[in-house]
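Peer 1: For reference, the chains in residue letters:
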Amino acid sequence: GDSVTQMEGPVTLSEEAFLTINCTYTATGYPSLFWYVQYPGEGLQLLLKATKADDKGSNKGFEATYRKETTSFHLEKGSVQVSDSAVYFCALSTSAGGTSYGKLTFGQGTILTVHP
Amino acid sequence: ETGVTQSPTHLIKTRGQQVTLRCSSQSGHNTVSWYQQALGQGPQFIFQYYREEENGRGNFPPRFSGLQFPNYSSELNVNALELDDSALYLCASSWGDRGLGYGYTFGSGTRLTVV
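Residue numbers (the numbering used here), protein chains in the order written: chain A, 1 to 116; chain B, 1 to 115.
It is worth saying that the hints were derived from the structure and are not from the lab.
Just so it is clear, the structure is predicted and the values come from calculations on it, not from any experiment.
Hints may contain errors.
[As the list claims (entries may be wrong)] Derived CB-CB ranges, DEER-like:
id, chain 1, residue 1, chain 2, residue 2, range
1, B, Leu11, A, Gly78, 21 to 29 Å
2, B, Ala38, A, Asn22, 17 to 25 Å
3, A, Thr12, B, Leu11, 28 to 36 Å
4, B, Leu67, A, Tyr39, 25 to 33 Å
Glycine included, each C-beta is placed from N, C-alpha and C at the ideal position.
Please put together the full structure from these sequences, using the hints given.
Peer 2: Below, the structure written as structure tokens:
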């Protein structure tokens, strides 16, 4: 079945540091890939997405590139801020394999804490 | 445009009891999905409702059931509660029967504690 593996956390950085959160996936068919962010006490918010190989998703300074050859979708940001502190989830979605619906399969999440 | 609203926000139940969680979908959305997020874990897909029928289900036992109403709102029912059912339950709405992830809007969730 489909699965997503994220790097172990938590990740602690100083403000303006470079961020990388690794994500690899296993999927049947041709998935779409996503990064969601969850702030304390809130639901999930879509951060960025990519729907085909070599696509780069970007939003709010975050970027991730869909790498089919390495089945990866690593999240990067050049300069993090305190306000980026949250839990980040990598996810995939596919309606292949005979399903008639789209569901999200999530990784376990990575806690990011940014200090001033 | 209103987002996804879930109620209640917090709930404490005793093992063996039954619980109903509610979700109002975002305006214009006709599909609702439910996810269970255990502490420190990623959300797990429970099921999806489209046009008032269940059209996809994850690896959850039959005591997890749901409904979708003509106004596209939804309920998640869990019977015979177990301690392991303690989790954050997230509702996500979308348009169309596939959604494909980027069409989903998530609510803030209901925190269920089973004691």
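Peer 1: Compare the structure with each hint and give your call.
Peer 2: Right, here's what the structure says about each hint:
Separation of Leu11 (chain B) from Gly78 (chain A) is about 42 Å and departs from the stated range, judged on CB atoms against 21 to 29 Å. The beta-carbon spacing between Ala38 (chain B) and Asn22 (chain A), approximately 22 Å, falls within the hinted interval of 17 to 25 Å. Between Thr12 (chain A) and Leu11 (chain B) the beta carbons are some 33 Å apart, a value that agrees with the proposed interval 28 to 36 Å. Look at Leu67 (chain B) against Tyr39 (chain A): about 30 Å separates their beta carbons, and that is inside 25 to 33 Å.
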